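Asks: Spelled out, the chains give:
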Amino acid sequence: MAEMSFRGALRLTLQEELQADENVILMGEDIGAYGGSYSVTKGLFDEFGPERVMDTPISESVVVGAGIGAAMGGLRPIVELMTINFSLLALDQIVNNAAKLSYMSAGQIHVPMVIRMASGAGSQLSSQHSQSLEGWYAHIPGIKVVVPYTPRDARGLLKTAFNEQNPVIFIEHTALYARKGEVPDEDYAIPFGQAEVMREGADVTLIGYSGSVYQTLGAADILEEAGREADVINLRTLRPLDVDTIVASVRKTHRAVVIEDDWKFGGFAGEIAAIIMEEAFDDLDGPVARVCGADVPMPYAKALEQSALPNPQQIADAALALF
Amino acid sequence: MAEMSFRGALRLTLQEELQADENVILMGEDIGAYGGSYSVTKGLFDEFGPERVMDTPISESVVVGAGIGAAMGGLRPIVELMTINFSLLALDQIVNNAAKLSYMSAGQIHVPMVIRMASGAGSQLSSQHSQSLEGWYAHIPGIKVVVPYTPRDARGLLKTAFNEQNPVIFIEHTALYARKGEVPDEDYAIPFGQAEVMREGADVTLIGYSGSVYQTLGAADILEEAGREADVINLRTLRPLDVDTIVASVRKTHRAVVIEDDWKFGGFAGEIAAIIMEEAFDDLDGPVARVCGADVPMPYAKALEQSALPNPQQIADAALALF
Amino acid sequence: MTQLIDKPPAKELPNEQLIELLRKMMLIRRFETKAAEMYAKQKIAGFLHLYNGEEAVAVGAISALNDDDQLLTHYRDHGHALARGVEPGRIMAELFGKETGVSGGRGGSMHLFDTEKSFMGGYAIVCGHLPLACGLALANQRLKNGRIVICFFGDGAVNEGEFHESLNLAAVWKLPVIFMCENNFYGMGTDIRRVSAVIEIYKRAAAYAMPSKQVDGMNVLEMYGETLKAAERVRAGEGPSFLEAICFRYRGHSMADPEAYRDRGQTERWRELDPIITFRKTLTEDGVIDEGAFQTLEAEVEDIVNEAVRFAEESPVPQLEELYTHVYKEDS
Amino acid sequence: MTQLIDKPPAKELPNEQLIELLRKMMLIRRFETKAAEMYAKQKIAGFLHLYNGEEAVAVGAISALNDDDQLLTHYRDHGHALARGVEPGRIMAELFGKETGVSGGRGGSMHLFDTEKSFMGGYAIVCGHLPLACGLALANQRLKNGRIVICFFGDGAVNEGEFHESLNLAAVWKLPVIFMCENNFYGMGTDIRRVSAVIEIYKRAAAYAMPSKQVDGMNVLEMYGETLKAAERVRAGEGPSFLEAICFRYRGHSMADPEAYRDRGQTERWRELDPIITFRKTLTEDGVIDEGAFQTLEAEVEDIVNEAVRFAEESPVPQLEELYTHVYKEDS
Ligand SMILES: Cc1ncc(C[n+]2csc(CCOP(=O)(O)OP(=O)(O)O)c2C)c(N)n1
Ligand SMILES: Cc1ncc(C[n+]2csc(CCOP(=O)(O)OP(=O)(O)O)c2C)c(N)n1
Ligand SMILES: [Mg+2]
Ligand SMILES: [Mg+2]
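Protein chains in written order, with our numbering: chain G, 1 to 323; chain Z, 1 to 323; chain U, 1 to 332; chain B, 1 to 332.
Warning: the hint list may mix true and false statements.
[What the hints assert, rightly or not] Stretches of chain B that chain G covers, calculated by requiring three or more beta carbons in the stretch to come under 8 angstroms of a beta carbon on chain G:
# : stretch
1 : 116-125
2 : 188-199
[Said to hold, decoys possible] Listing some non-contacts, in silico: residues in chain Z with all C-beta distances to chain B over 12 angstroms:
#  : residue
3  : E22
4  : D46
5  : R52
6  : D55
7  : Y103
8  : Q165
9  : E186
10 : R199
11 : D203
12 : G218
13 : D242
14 : D285
15 : A294
[To be verified] PhoX-like cross-link-like pairs, simulated, lysine-lysine; straight-line CA separation at most 20 angstroms:
#  : chain 1 : residue 1 : chain 2 : residue 2
16 : B       : K174      : B       : K213
17 : U       : K11       : U       : K203
18 : Z       : K180      : Z       : K42
19 : G       : K302      : B       : K43
20 : B       : K229      : B       : K11
21 : U       : K203      : U       : K174
22 : B       : K117      : B       : K7
23 : Z       : K302      : U       : K41
24 : Z       : K159      : B       : K174
25 : U       : K229      : U       : K203
26 : G       : K159      : G       : K180
27 : U       : K229      : U       : K7
28 : Z       : K159      : Z       : K180
29 : U       : K43       : G       : K159
30 : B       : K41       : G       : K302
31 : U       : K203      : B       : K329
32 : B       : K281      : B       : K11
33 : U       : K174      : U       : K144
34 : B       : K203      : U       : K213
35 : G       : K159      : G       : K42
36 : G       : K180      : G       : K42
37 : U       : K117      : U       : K174
38 : Z       : K302      : U       : K11
39 : B       : K203      : U       : K203
40 : U       : K11       : U       : K229
Treat the hints as calculated values from the structure; they're not laboratory data.
Everything numeric in this text was worked out from a predicted model, so none of it was measured.
Positions of the beta carbon are idealized from the N, C-alpha and C atoms, including for glycine.
Modelling step: build the complete structure from the supplied sequences, incorporating the hints.
Replies: Structure, rendered in structure tokens:
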């Protein structure tokens with residue numbers, strides 16, 4: 001086991017895949033000479049050159065569309081969209097082409113590509129740069145949505161993404177990049193659709209993904225002090241969603257809280273809550289609670305921003321209210 | 001009371017507003033000389049001329065953005081985006097500008113504009129032209145989302161939209177345009193956030209909106225034959241959502257089914273189900289059921305398409321399964 | 001491997017190839033007219049956009065390319081598919097929503113796909129396929145397989161942001177792609193003069209330093225010849241090329257369009273330039289065909305189209321159990 | 001009503017206005033340098049994009065316009081706000097995230113707004129504000145209020161689809177808007193030559209038949225003069241104009257940028273053209289200012305900036321109870 005940052009785990013995996021297959025190309029704004037706006041691709045431009053690590057114009061739509069076309073044509077493109085905020089400009093390509101080509105061509109075409117993007121708030125970037133829209137991507141049939149939390153997740157899930165025959169949206173919470181963790185030395189991959197139980201407890205199920213797992217683990221600590229033991233589930237992928245792990249936990253604990261940075265109203269947390277209700281209604285001692293981002297465009301001022309994001313105390317309170 | 005089509009109710013209202021205020025302008029692709037791809041604006045170009053009913057280039061993003069700017073500058077723009085499918089190309093403008101300008105300018109700027117778009121499937125337009133993404137819009141703080149079902153709704157809600165100081169997304173299901181209904185002769189407006197109970201019954205609550213209310217009413221007929229009486233709720237607006245009416249009904253019936261054309265996974269029906277659970281958990285006799293569109297890009301072939309959309313029998317079966 | 005048949009210049013086309021150009025245009029015309037009939041009979045549903053009047057564009061351009069050069073187009077795609085040699089029966093079956101259709105009945109008229117013929121699809125989001133064309137061209141460039149890409153789109157598509165992004169990217173990366181704009185002067189009911197700052201569309205390519213030219217889209221030989229020249233440059237690695245084909249659609253935008261926005265006279269004037277009539281005349285004058293040969297061709301395309309309808313009629317609809325098939329490719 | 005002060009041509013600017021141009025550039029320079037200090041002290045967070053080196057662009061252009069002509073710009077917006085006369089203290093307070101900030105601490109550095117000054121905002125989605133500029137211009141055109149719009153953006157923004165859509169729409173509708181491209185040769189760390197098919201950006205306006213010109217963005221008088229000319233055409237109803245200001249940012253893209261992608265020498269060479277130094281020299285040579293006058297100006301901007309910091313420091317942060325205020329405008 002080596003200790004590695006989340007960023008480092010991603011970089012190492014990209015590097016290996018670039019080495020292993022010359023049809024792998026990276027495309028994106030400032031991923032080359034600049035080194036990537038979150039430094040994930042740093043050094044890769046020097047190692048592989050501008051033909052493999054391609055700096056693009058600021059043209060999100062054609063960058064994603066060209067990635068799709070390149071995948072149709074036999075390459076293995078990894079497109080970096082810098083942040084999920086800018087992905088809105090490429091959403092038509094993702095929704096109407098990447099996700100649908102297999103179906104509308106009756107399986108003649110496939111789009112084996114990965115679209116990476118940073119997501120999340122917390123560093124005072126204000127409303128146009130602080131969104132967490134992974135739930136939107138999870139809504140689209142035809143794509144898969146990956147939301148790693150640990151460096152181990154990052155590497156293992158990216159490996160799987162490289163072996164996928166379908167388009168993968170790979171979400172990287174900016175608060176995680178510098179965080180470190182153990183990563184196996186040997187080759188490994190984490191299959192999509194397998195959540196990780198990060199911590200076990202019999203009293204309540206806390207379900208988070210991506211950056212929010214951090215606050216969720218913090219909540220579990222608070223709960224422990226309050227004499228309650230929590231199962232903490234790190235979903236790892238939103239589509240496919242590991243319903244079995246969620247439901248098994250709820251059957252044990254009878255209580256659940258779903259945590260998400262994104263706006264609550266109409267967000268993905270509602271889907272998880274609805275599924276739990278559908279699958280485990282009789283096991284529930286009370287309604288599934290949701291702790292999500294406040295329903296506001298993200299403010300710049302630090303205290304306002306912090307108050308708009310889920311925090312451990314809020315999560316713990318929501319859990320305790322179920323007893 | 002006059003009988004009027006959904007389309008006619010919209011047209012009449014647009015016409016009145018164009019007459020009443022010279023700062024009202026309509027903008028959109030083919031809304032003028034062509035008469036609108038769903039004929040809603042037919043005749044308005046002749047009556048008001050090209051300066052009031054403005055045909056635009058096929059450039060969704062700048063059309064919406066120019067609408068926002070025009071609203072900032074003192075006009076009252078009504079932008080037609082032809083269909084919700086094409087609105088993806090303008091989503092950045094809607095999410096990052098229209099919805100956020102008031103907040104990020106601390107209330108200095110407002111965007112009183114209406115964005116109209118057709119939505120829905122059912123006429124074999126295949127996957128790129130058959131989406132129902134109103135749930136996505138409902139997720140965005142800063143905008144309001146209107147989903148009329150009857151001609152009366154269409155006129156009354158559009159009136160309210162014209163009086164709004166905030167951006168309004170106005171969704172028109174294509175299956176409704178030709179449907180007729182009674183529309184009051186006198187001036188009236190329907191406030192946002194007030195659902196309509198279309199039919200009353202003590203046994204189960206069926207919740208639909210826009211086109212799906214039709215199938216929902218059909219389901220209520222089937223249920224009646226099976227000896228069960230349904231409350232049928234037409235939501236009318238998704239944001240704001242009339243939680244009170246929903247919850248009051250569920251407290252009475254103890255059972256609920258949410259109906260939506262959109263893909264089930266990660267869709268807005270999950271939000272409604274989650275809210276019901278949060279607000280009326282102890283009143284529920286069983287899990288809130290969801291009957292939604294199949295999680296597939298919409299196929300062209302008629303039978304496949306029909307099988308991908310909610311139908312009355314399915315809805316009735318879901319309701320009966322709750323007894 | 002790549003098949004690199006040498007294409008002769010327009011002037012040196014042998015008679016059988018000239019006749020083939022005529023035959024393909026006639027096939028498209030007959031097919032489209034039959035499709036309209038079938039639409040009226042409700043055998044076909046959804047949107048149906050016909051190619052009548054524009055046959056020379058697809059036939060001329062596509063005949064100048066190799067069979068494995070990839071082709072992408074918009075929703076008005078039957079003509080391109082037929083010109084590429086996609087089976088008429090399987091196209092008609094697609095319009096009928098049958099399992100035997102080129103897209104298994106999933107795509108319909110706007111989404112024909114036949115990857116075996118390097119026909120990479122019809123797309124219904126205006127301009128949404130131009131980025132894909134760039135990507136396919138990038139793949140060819142990297143794989144050094146000698147294939148180029150041709151991408152068809154309309155005058156209306158030119159005002160979309162993706163047009164700009166795609167042309168810039170293709171130019172910067174010197175991608176092997178031909179952008180073929182079918183300028184029929186209308187995007188749905190909107191006259192190009194009301195929505196485009198510069199209506200000579202080929203001039204817009206200058207903003208990307210891309211070679212571009214206006215071509216007579218009613219003249220199949222000119223289409224063939226200019227596409228061939230563009231293809232040579234593109235294949236030689238000189239980067240993308242742009243062609244603007246001047247043409248006209250005889251019918252409404254789709255079957256739903258009553259054409260209230262333009263007068264019949266305009267269409268009549270264009271019909272005088274009809275690509276099939278004028279090319280038939282040329283071939284007759286040059287002694288390549290006579291009345292008998294033309295009648296034979298007519299009978300031939302009539303048979304093909306009737307057979308296509310029969311095939312479509314008799315084919316099975318997709319099974320309901322297959323609703324979820326193809327959403328994802330299962331791991332192999 | 002509209003205030004339509006006549007702006008003299010550059011050559012006829014009276015001394016006090018010349019000095020004002022210099023003073024504004026100096027104010028921006030000092031303000032930005034102070035902001036960088038405050039960022040290092042963690043008084044300011046988020047992204048901070050400085051305008052050092054580009055002062056002549058904003059000051060020259062904005063001084064040529066009326067105070068009620070609307071202005072929109074990108075995230076690198078402090079310079080434009082200061083040039084427009086937005087209060088330095090309220091800008092600094094915004095960067096500090098204080099309630100007294102121009103955007104109430106909600107927007108931060110990238111989203112300054114001051115509608116009373118017709119400063120319609122800084123926007124952080126590259127090119128996302130060009131469509132808004134079109135819409136504001138449309139409103140002015142309809143309301144016949146004599147106001148025009150100026151919209152600033154970078155060389156990187158030019159490759160976005162919205163650039164194309166906006167220029168086309170503005171040209172077709174003859175909207176009263178000036179598109180002002182700040183070409184500093186880099187979009188973040190990417191050299192324009194690697195991503196733009198045509199690097200002389202002003203030439204791209206030809207695709208929309210829009211008058212356009214390249215201007216020396218290091219020369220405040222040239223910026224003033226050319227903007228004035230463009231404004232006259234635009235105000236006269238001749239439609240939009242395009243200007244490309246050649247300039248250079250001395251600092252990294254944002255505070256987070258180590259500038260590994262370019263060498264220091266390049267920046268040093270541009271510094272020799274420094275807009276403040278060269279303009280000071282001109283004014284000194286022309287006898288408009290002397291050393292003493294310059295020192296006075298320096299002291300003055302120093303005071304203003306220090307006072308701005310004091311104001312920002314001492315201002316209250318927004319109340320947590322106000323988190324939901326302004327999401328919607330309540331009906332009146
Ligand atoms: C993004 C998008 N906007 C609008 C439409 C609706 N629409 C379909 S075809 C069309 C006109 C396109 O005209 P043109 O590109 O000239 O092609 P033509 O139909 O003339 O062949 C429009 C507006 C669409 N399909 N996609
Ligand atoms: C749509 C979008 N894509 C990417 C970014 C990230 N980004 C911020 S600034 C920038 C470079 C813009 O360069 P330019 O337009 O030349 O302006 P400059 O910073 O040089 O003033 C990029 C890529 C963004 N904010 N928005
Ligand atoms: Mg056209
Ligand atoms: Mg720049």
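Asks: For every hint, state whether the structure bears it out.
Replies: Here's how the hints hold up against the structure:
no. : hint              : result
1   : 116-125           : holds (count 3)
2   : 188-199           : holds (count 7)
3   : E22               : violated, 8 angstroms
4   : D46               : holds, 20 angstroms
5   : R52               : violated, 9 angstroms
6   : D55               : violated, 10 angstroms
7   : Y103              : violated, 5 angstroms
8   : Q165              : violated, 4 angstroms
9   : E186              : holds, 22 angstroms
10  : R199              : holds, 31 angstroms
11  : D203              : holds, 37 angstroms
12  : G218              : holds, 36 angstroms
13  : D242              : holds, 17 angstroms
14  : D285              : holds, 35 angstroms
15  : A294              : holds, 32 angstroms
16  : B:K174 <-> B:K213 : holds, 18 angstroms
17  : U:K11 <-> U:K203  : violated, 27 angstroms
18  : Z:K180 <-> Z:K42  : holds, 17 angstroms
19  : G:K302 <-> B:K43  : holds, 11 angstroms
20  : B:K229 <-> B:K11  : holds, 13 angstroms
21  : U:K203 <-> U:K174 : holds, 19 angstroms
22  : B:K117 <-> B:K7   : holds, 18 angstroms
23  : Z:K302 <-> U:K41  : holds, 15 angstroms
24  : Z:K159 <-> B:K174 : violated, 31 angstroms
25  : U:K229 <-> U:K203 : holds, 18 angstroms
26  : G:K159 <-> G:K180 : holds, 19 angstroms
27  : U:K229 <-> U:K7   : holds, 10 angstroms
28  : Z:K159 <-> Z:K180 : holds, 19 angstroms
29  : U:K43 <-> G:K159  : violated, 47 angstroms
30  : B:K41 <-> G:K302  : holds, 15 angstroms
31  : U:K203 <-> B:K329 : violated, 46 angstroms
32  : B:K281 <-> B:K11  : holds, 16 angstroms
33  : U:K174 <-> U:K144 : holds, 13 angstroms
34  : B:K203 <-> U:K213 : holds, 19 angstroms
35  : G:K159 <-> G:K42  : holds, 19 angstroms
36  : G:K180 <-> G:K42  : holds, 18 angstroms
37  : U:K117 <-> U:K174 : violated, 25 angstroms
38  : Z:K302 <-> U:K11  : violated, 48 angstroms
39  : B:K203 <-> U:K203 : holds, 12 angstroms
40  : U:K11 <-> U:K229  : holds, 13 angstroms
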